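Peer 1: The residues making up each chain are set out below.
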Amino acid sequence: MGTTDVATETDAHGGEEGGLVFHPLDQFIVEPLFGDGPIHWYTITNVTLWMALAVLCIFGLLVLGTSRRATIPSRLQSVAELAYGFVHKMVEDVTGKEGLKYFPYIFTLFLFIVFANFLGLIPTSFATTSHIAVTAVLALAVFLTVSVLGFVLNGAKFLSLFWVSSAPLALRPILAIIELISYFVRPVSHSIRLGGNIMAGHAVMKVFAGFAAIAAVAPLSVVAITAIYGLEVLVSFIQAYVFTILTCVYLRDALHPHH
Amino acid sequence: MAQTTEAAEGLDQAATGAEAAGGPGMPQLDFSTFPNQIFWLVVTLVAIYLVLSRVALPRIGAILAERTGTISNDIAAAEDLKLRTQEAEAAYQQALADARSEANKIAEETRATIQAELDKELATADEQIGAKTAESEKAIAEIRAGAMDAVHEVATDVAREIVTALGGGADDAAIEAAVTERMKGQDR
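Respectively, the protein sequence lines represent chains S and A. UniProt numbering applies: residue 1 is where the first sequence begins, and numbers increase by one. UniProt numbering applies: residue 1 is where the second sequence begins, and numbers increase by one.
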């Protein structure tokens with residue numbers, strides 16, 4: 001369908017509902033922060049703003065929060081230590097001791113996603129992780145790193161990841177094809193899972209917000225927004241967790257390719 | 001997919017302003033914003049990584065290590081103090097036992113000393129009593145001897161008088177012998 005089709009469809013829809021305005025996707029528009037010019041790669045946009053805020057929050061929590069280095073931690077320091085311990089334990093449990101070398105990278109991913117998700121939940125804010133461009137880069141970075149690391153650490157033995165030696169010999173080639181496909185689908189599912197979850201949640205909230213314009217359903221709409229907001233808070237954390245633990249799982253494959 | 005690409009291209013052509021991008025197409029598929037997002041994402045990730053690896057992670061790691069150290073030190077100190085308490089209690093019990101045995105010894109010695117003194121005093125007293133008794137017996141014996149002599153004399157005199165009074169010639173020697181004879185029989 002072309003642009004115009006959708007536009008007329010929306011117009012017709014809006015007319016039916018009596019002046020309802022549905023622009024659930026407007027919140028995802030990338031626009032320059034200053035002025036109205038074209039968006040170059042270096043333009044300072046709302047993406048820049050909200051990513052910078054994420055960096056500031058991470059700095060505030062992990063650096064300013066721990067500045068006193070107290071043996072008995074303050075609340076902020078406790079949160080910082082909990083985050084550290086949470087991801088550290090995850091990396092150690094999934095990849096083993098050898099994986100701890102990559103802990104800073106994984107912690108970077110986790111913190112970025114979790115803060116971008118939560119900052120995106122602030123009304124009128126911009127959810128950077130709802131963009132496939134962002135999540136795809138994250139997922140591709142993980143995918144490429146893990147693939148390169150797998151070959152560097154294990155050489156050709158890394159290919160045994162696709163050769164299921166515990167299966168009957170006749171099945172192995174078929175399984176190898178399936179394994180190969182699933183391996184290359186990883187970055188796709190990895191990125192769309194995160195971006196899709198965040199985008200869908202925000203869009204649904206916006207749709208319910210649009211219904212709030214009708215007085216009869218406004219209370220229901222407000223309740224629904226509240227409920228979905230609660231769900232989105234959960235989703236924000238869970239998606240960050242899922243992304244991180246999948247990263248750990250992929251990393252484990254690179255470190256120990258044998259089934 | 002082709003349709004969405006078409007839409008994105010349409011958006012690209014229609015002056016990538018906010019209004020145009022805000023059209024019905026998904027802003028996520030507006031490829032004109034991809035370089036911008038990717039650039040800032042990379043900047044952000046590098047910034048976070050630098051903050052973490054240079055400052056935050058070493059610091060938090062050090063804090064956690066220090067806490068673990070402090071806790072194990074405290075536990076060791078508590079263990080040490082407990083041992084010392086046990087030692088002190090043992091020493092106290094030992095001192096108590098020593099003091100008790102010392103007291104027993106002193107009591108025993110005192111009792112022995114007193115007993116010895118008592119025995120000595122008793123011996124002395126017995127000796128004195130014995131001496132007194134011997135003296136008294138001697139005196140009594142003397143008195144008795146004196147009394148016997150007197151009785152002998154009186155008896156001799158009385159016998160002589162009686163003999164004279166009866167008209168017999170008094171032979172002193174005979175009377176003497178007779179009295180002695182009689183008194184011997186009386187005496188024992």
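I should point out that these hints are in silico values taken from the structure, not numbers from a laboratory. Any given hint could be a false lead.
[What the hints assert, rightly or not] To give an idea of the chain S side of the interface with chain A (calculated C-beta under 10 Å), a few residues:
| # | residue |
| --- | --- |
| 1 | PHE28 |
| 2 | PHE59 |
| 3 | THR108 |
| 4 | SER182 |
[Stated by the list, open to error] Quick list of the computed label-pair ranges, beta carbon to beta carbon:
| # | chain 1 | residue 1 | chain 2 | residue 2 | range |
| --- | --- | --- | --- | --- | --- |
| 5 | A | GLY61 | S | VAL148 | 23 to 29 Å |
| 6 | A | ARG54 | S | SER189 | 52 to 58 Å |
| 7 | A | LYS82 | S | GLY60 | 41 to 47 Å |
[Stated by the list, open to error] Covered stretches of chain A (chain S as the covering partner; in silico rule of three or more C-beta atoms under 8 Å from a C-beta of chain S):
| # | region |
| --- | --- |
| 8 | 30-43 |
| 9 | 123-130 |
| 10 | 140-152 |
All of these numbers come straight from a predicted model, not from anything done at the bench. Ideal Cβ positions, reconstructed from N, Cα and C, are used throughout, including at glycine.
Peer 1: Each hint needs a verdict: does it hold in this structure or not?
Peer 2: Each hint tested on the structure:
Hint on PHE28 of chain S holds. Least Cβ distance to chain A is approximately 4 Å, under the 10 Å limit. Interface hint at PHE59 of chain S: satisfied, since its Cβ lies 6 Å from the closest Cβ of chain A, which is below the 10 Å cut-off. For THR108 of chain S, the interface hint holds, the least distance from its beta-carbon to any beta-carbon of chain A being 5 Å, beneath 10 Å. This hint is violated: SER182 of chain S has a C-beta 21 Å from the nearest C-beta of chain A, more than the 10 Å allowed.
Evaluation of the 23 to 29 Å hint for GLY61 of chain A and VAL148 of chain S yields a pass: the beta carbon distance comes to about 27 Å. For ARG54 of chain A and SER189 of chain S, the hinted distance range of 52 to 58 Å is not satisfied, since their beta carbons lie about 33 Å from each other. A hinted range of 41 to 47 Å for the beta carbons of LYS82 of chain A and GLY60 of chain S is consistent with their spacing of about 43 Å. Coverage of the region 30-43 of chain A by chain S holds in this model, with 13 residues showing a Cβ closer than 8 Å to a Cβ of that chain against a need of three.
Counting residues of the region 123-130 of chain A whose CB lies closer than 8 Å to any CB of chain S gives 0, so the stated coverage by that chain is violated, three being the minimum. With 0 residues having a beta carbon nearer than 8 Å to a beta carbon of chain S, the region 140-152 of chain A misses the requirement of three or more and the stated coverage is violated.
The structure shown violates the earlier hints numbered 4, 6, 9 and 10.
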